[in-house]
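Participant: Now for the letters of each chain:
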Amino acid sequence: ELKVEQNPLFLSMQEGKNYTIYCNYSTTSDRLYWYRQDPGKSLESLFVLLSNGAVKQEGRLMASLDTKARLSTLHITAAVHDLSATYFCAVDIGNTPLVFGKGTRLSVIA
Amino acid sequence: DAGVTQSPTHLIKTRGQQVTLRCSPKSGHDTVSWYQQALGQGPQFIFQYYEEEERQRGNFPDRFSGHQFPNYSSELNVNALLLGDSALYLCASSLWGTANTEETQYFGPGTRLLVL
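The listed protein sequences correspond, in order, to chains L and V.
If you use the working numbering, the first sequence closes out at 252, no skipped numbers anywhere.
If you use the working numbering, the second sequence closes out at 118, no skipped numbers anywhere.
Honestly, the hints are just simulated from the structure, not real lab data.
In this text the structure is predicted, and so the values were computed from the model without any measurement.
Don't take every hint at face value.
Far from chain V by the CB rule (all over 10 Å, computed), these chain L residues [unchecked claim]:
1. P150
2. L153
3. S168
4. G201
5. H217
6. L225
One side of the interface only, derived from the structure: several residues of chain L facing chain V at Cβ under 10 Å [as the list claims (entries may be wrong)]:
7. K183
8. A232
9. F242
10. A252
So the derived label-pair ranges between C-beta atoms look like this [unchecked claim]:
11. L:G182 x V:L85: 36 to 46 Å
12. L:Q156 x V:N81: 21 to 31 Å
13. V:E56 x L:S187: 22 to 32 Å
14. V:P72 x L:S154: 18 to 28 Å
C-beta: ideal position from N, C-alpha, C; glycine also.
This is chain L alone, in the form it adopts within the complex (with noise of 0.2 Å):
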């Protein structure tokens, strides 16, 4: 069975920081991805990571991706504090349908 972890689960940050997020997962699987969701509000697609090795970035967040340690990071530059949101990791196989950590609630605080 499949299964996902997310740490830290809860997570204050000052602006101006930087910090990491962590996403474990059980099995080999073939796309990690990493969702934002705002209060009340759907998930919204950050990044697709494939290969290992894969990085992305878009903004103030980065994902990396090692697919042996069967580990990914999101990695958060400088927080600001419109950053503040709960951050889901998720890992599918082939067409099977995605498994979801539990989120990490960032909140940036001035």
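We have chain L; now place chain V onto it with these hints.
Facilitator: Leaving out everything else, chain V in the frame of chain L:
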């Protein structure tokens, strides 16, 4: 290009009632998946439809059923509602057969169901 749409946005029902939620996938997509997201949790997979057939199912009871229409839109039906069915129900659309590509699942805005 319309994204994934869902209706209604909010719904209040009482225990024992039945509910139908609707989803239209993103233009060009042929596969619809439904997820249940309880408060403070990650989404849990309910089932997936492709070519009007249920292709995969998560660990949900038979009270949860669905349908996909020829235009790829989909419905989720829940019978005999329980208090624990209160959640955000998310529909996601994708393109079948895009494993090992960077195609992602696009989520709709969700339907928030409250069972009293």
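Participant: Determine which of the earlier numbered hints do not hold for this structure and return their numbers in increasing order.
Facilitator: 10, 11, 12 and 14
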